[in-house]
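Undergrad: With the hints as your guide, set chain B onto chain A.
Protein chains in written order, with the numbering used here: chain A, 1 to 702; chain B, 703 to 1404.
FYI, nobody ran anything at the bench for these hints, they're computed from the structure.
Owing to the predicted nature of the structure, the values given are computational and were not obtained by experimental measurement.
Careful, some of the hints might be misleading.
To be verified - Derived lysine-lysine pairs resembling BS3-like cross-links, with alpha carbons at most 30 Å apart:
no. : chain 1 : residue 1 : chain 2 : residue 2
1   : A       : LYS401    : B       : LYS1128
2   : B       : LYS1128   : A       : LYS521
3   : B       : LYS1236   : B       : LYS1223
4   : B       : LYS1103   : A       : LYS426
What follows is each chain in one-letter form.
There are 2 protein chains.
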Amino acid sequence: MTTYNSNGLDRLLAPQSIAMVGASNNLYSIGGLVFANIKRSFNGSLFPIHPKDTEVQGLTAYSEINALPQNVDLVVIAVASHAVEAIIEQAVAKRVGGVVLLSSGFAEAGAEGMALQARIAEKARAGGVRVIGPNCIGYLNIAGGVMANFALTPDEPLPPGGSVALVSQSGGFGSYLTTKGLLTGLRLGWFVSTGNELDVNIAAVLRYLVEQPEVKVMLAFSETLRDPEVFIAAARRAQELDKPLVILKAGRSEAAAKAAMSHTASVVGAVNVFDAVCRQYGVIVAHSMEEMLDLGMIFQDGRRVKNNRVAVMTTSGGTGVLLADESALNGLDVPTFPADEQQKMLDVLHTPFFGSVANPIDTTAAIQPDALKAVQQLVAHSPSVDMLTTVTWARAIEAAKDLVKLYQNTDKPLAVLSTDLVEPLKEAGVPTYTDPQRVAKSLAALYRFSTRTATSASTFTPNAQRVARSRQHLELPAGEFVLMEAQGKRLFAEYGIAVTAEEWVHSADQAVAAAARIGGKVVIKVMSYQLPHKSDVGAIRLGLQGDQAIREAYQSMLEEVAQRAPHAVLDGVLVQQMVPARMELTCGLQRDEVFGPMVAVGLGGVLVEQLAETTLLRPPFSLETARQALGQLLQGRLVQGRRGLSHDEQEQIAAIMVGVGNLALEHDNISEVDINPIRVDAGKAYAADALVVLAGAPEAAH
Amino acid sequence: MTTYNSNGLDRLLAPQSIAMVGASNNLYSIGGLVFANIKRSFNGSLFPIHPKDTEVQGLTAYSEINALPQNVDLVVIAVASHAVEAIIEQAVAKRVGGVVLLSSGFAEAGAEGMALQARIAEKARAGGVRVIGPNCIGYLNIAGGVMANFALTPDEPLPPGGSVALVSQSGGFGSYLTTKGLLTGLRLGWFVSTGNELDVNIAAVLRYLVEQPEVKVMLAFSETLRDPEVFIAAARRAQELDKPLVILKAGRSEAAAKAAMSHTASVVGAVNVFDAVCRQYGVIVAHSMEEMLDLGMIFQDGRRVKNNRVAVMTTSGGTGVLLADESALNGLDVPTFPADEQQKMLDVLHTPFFGSVANPIDTTAAIQPDALKAVQQLVAHSPSVDMLTTVTWARAIEAAKDLVKLYQNTDKPLAVLSTDLVEPLKEAGVPTYTDPQRVAKSLAALYRFSTRTATSASTFTPNAQRVARSRQHLELPAGEFVLMEAQGKRLFAEYGIAVTAEEWVHSADQAVAAAARIGGKVVIKVMSYQLPHKSDVGAIRLGLQGDQAIREAYQSMLEEVAQRAPHAVLDGVLVQQMVPARMELTCGLQRDEVFGPMVAVGLGGVLVEQLAETTLLRPPFSLETARQALGQLLQGRLVQGRRGLSHDEQEQIAAIMVGVGNLALEHDNISEVDINPIRVDAGKAYAADALVVLAGAPEAAH
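This is chain A alone, in the form it adopts within the complex (with noise of 0.2 Å):
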């Protein structure tokens, strides 16, 4: 890993001196509100700005940036947005670091605001300065004493700070989240909304954040993802450095992708791409704001686990079942304990004990405080469990002081169930959730951080005489975007992809020859540019066996093409060996907007088509991500049991993959391919059929 370079947002993010245009001593607008929020927090040389007053909030004020007695880091601006444009030059002209745009008019308020963005872009970058926004509410560092934002007032607590990082788009949700945030418990150390990123963007902001040695987890709200390269390399760093990275990405549905787009003036992406780039690169897609929160609090103390068993404590047997049920269904084990430890609980209880220490444990309610503890301590040190869950109510205040010394006692992982937040508890940073559902899922998604298995880093050289190579196969005559079959598995052969034995003839003679080169049953397709889709005009035989049923079948096909299609021009006829298949595959090139060429692969067949879905995968990636991904396929099915893909299969279609994905690398001018059937039997997977669409091609030929 190549040492991160901040590009200046240290300066922007941790300044040591901050200037703010705007401030102002009306503590109900936005000017007095936020400066008031950096005053109460900022330990540094502070300066406010203002066209008349001397003093704001109790500090000398000055006219203007360029009346500062020093260069500042920061500049925050709070003022109307056709006042903007002078001062960032001024922030230029004094060599300011960074800049906080608060101010809204911009991109989000139609052509003219548009305009005015795109010229202090432009200034912005030609002169050095970093900014973040505009459109948006600042952000806060809670370690570094910046509360530059209006995402909490002056009159609300100064967040105590922590190791959870929050990034949102979106000022209004982000707000939003941040209290809610802070009410349920989260360790808020920073937030920062990034509005129209008129300069940086969520994945420049995750980048810097996951460096930071306070950060231990960050969450982002995304509408849309301006810089995939960046926002990979921060999920890169996050799975080295051990932070998992949550994301909750809106625009989910095609309704809200519209609105999103209309509203950030961006460009969103398929969302199951998006899901599959996070499931590659190690990101958590949070599928509710709650969860993203929920995940926040289960890895804001940094606990891991080694293994999947969790210990349900209650004081009720149906709690205790639900706990059970829901660690169940989410991948963790309930195991029961081994009889001496129960043994030992049981030492510490009344009698008679009507409930149970088997796990879950129910204590019923007729339990003591004293005899609780020495149960939860019991567990707490057991070897059997690796994490820990039980239930309480918000008024039981007593029982929440012990929860927390228990906490604080064990290094597993403790969710508390609990009809509300509790004080002490939330003070002490205990992981605390108002549904059974809730606990289990945050477990279950530590002991899946905890165990991860990291993608395998894959680099990529393009192989230059590949490319000139191949890029012969790529040149087609005007007006044609669609390679013929027989091209295509030539362009497949240059990457690497089995394809089935085949020949290019140009009569029935030629093919009888061929047939009896190829051996066994052939298959006789027609090859013309007008006939991509080549069953629907009768085009292709399947079956063929022997020179006389090769003849006649050259000659019917010819015929029925001639009537179905009588104005393609054809180009002879491809004759293939026909492979046997028990399985069928498809693996196919899609190109994302946001993310680029995207590798699919599923099953074939129509209805299973359907049904099953694809697994999708973002190149370069090695040979060992593509067998991982086969392997997740239909909850791990197709390679299991007796029918299910061999060990020598996998790694054939694995290499169809990698080299369906080199093919999109190495060339741009391709925007679609498609293998379909990948026909797979004995140890041997070939491409049985070829699509290949370049660039530029009428929707109409995909």
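TA: For chain B alone, coordinates are given in the frame of chain A:
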């Protein structure tokens, strides 16, 4: 619908007079606590019973039930288990209406407790006294003034009452649910915990509650269901009365099912059967505890909608996108407002306005309260939307008060997203959620319930003649439990299940003659009680045509079977029409431990079976219900498109499903039926195989 007879539950659950055995002056004991709860809520005659004290909590105490000055409706018991039997005897003698038995130490405490519970159950039943418990925490009925429970303590405020009824077997979890429900603004009018269910169980309570006029929605947490018929009756009645019934089922995972069985000492059926029965009878299955409470909240005001159009109103684009996202993902529509309605909104908004009035409406954070209220009013009266959602912050008390007014001045359902609960919203019963997904899921459930199509009722009277006729096919030699295919097909024919044309023959000559009569290609199969799985031993030959081919196949098949299954006693050969199949389905019968016979239908074929879900129906059901179930399989794809099932094919498959259901209802001794495949093509569907297993078969026969 026949008039509901409460069977004495009214005296138990809505008493005019109450006595309590175990009432105590010690407010830290269960007896003291529950008595204080009753005393603070109850307006009827109340009698503490105490062996020594002459006064309990200020009321004259009596030494025993026999000493009471009048008969009472309800006796609450909170004494040690060993003393309970004598008290029940007195209650019977005094013609008490019902007993709430809070004590534990019964079935949950081992063999002795189980015997004691059985004796008490018998005495109460014989004496006509209805019993809730034991091992429960009692119930609350706010409208009736009965707080006979320790779910809440006397120092907590008396719940304000309302339209939500909650039922839970588990006392501990019931207390958790009650506490959390009240905290989150649920208008709880009833809570009943049923504990060990020695008499009154969840189903009976639901059947009672659904008839109570103040109840608008019922929530149930169930570990085991003891009375499926009553549960179904309650569900049907809830549909009739337009009262949603929401159920959260514990024991969904195998591990938890085991825990529930040991903890409640009763049978737990299969969870997919439970879900199917709920779907069939319109019961909403909640997937988490919070989801159940969330649905209680959206249904508590009884509002309904005709359509699925949601208005999303926010002061932040990001929040709007997320709310729109979740709405769309949950099947709701977020329509763009027509131009004239947008213009009306723009007229009341400030300029310049950088937000959107399309929907999601983004008023931006700069909006003034009056303008916001005006926009809200316009949306509330818009003919373009059916439901409303918006976002607020828990600190914004004035905004919450405005939302209460909005809620009270519209018939449209309103769901509010808030960082936390807000007192004004809670007091007014405005559904409030802390997560956008929960907002959308709740509104979507309201829409689905409002627009549900009720399952057509289906009654069933056994056909005595058919029973007699079909019984002969079930008479097997001693020790045999699996019908031969030919026998199964004859049984099927009695139930209107279309079977392939076929003849049962005993020589190659007969086979040839039979094939000629049947026509076309045939299949031949060896019949033997020892060979239910014919293809494993080569006892089947497919696609035969012509005398020669049939003779050869007949011979080779018998030779192969003689070699591979030398001990099988053969009973002739089935010659069967080979019908075409564009698609293969399966239909089967299984018996659930709780719900009895269930008919399953799904796709056939090895891989597809693994991928696709099966739909289950509980007989009796109508052809219409069967068709609906088919229509929902694979999200409707089975009946769509060019290759989907045609109308005639659907009719025939539905007839097979109904036939299997009737078969199950008329023959208790059939434990399993499997028709695999049903071959479907050209408007026809035929049972092409038949596996019928009788009760008592060893496991291996299935």
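Undergrad: Each of the hints needs a verdict: does it hold here or not?
TA: Results of checking the hints against the structure:
1. A:LYS401 x B:LYS1128: This hinted pair holds, its Cα atoms lying about 29 Å apart.
2. B:LYS1128 x A:LYS521: With a Cα-Cα distance of about 75 Å, the restraint between LYS1128 of chain B and LYS521 of chain A is violated, given a limit of 30 Å.
3. B:LYS1236 x B:LYS1223: At roughly 19 Å apart (the allowed maximum being 30 Å), LYS1223 of chain B and LYS1236 of chain B satisfy the hint.
4. B:LYS1103 x A:LYS426: holds (29 Å)
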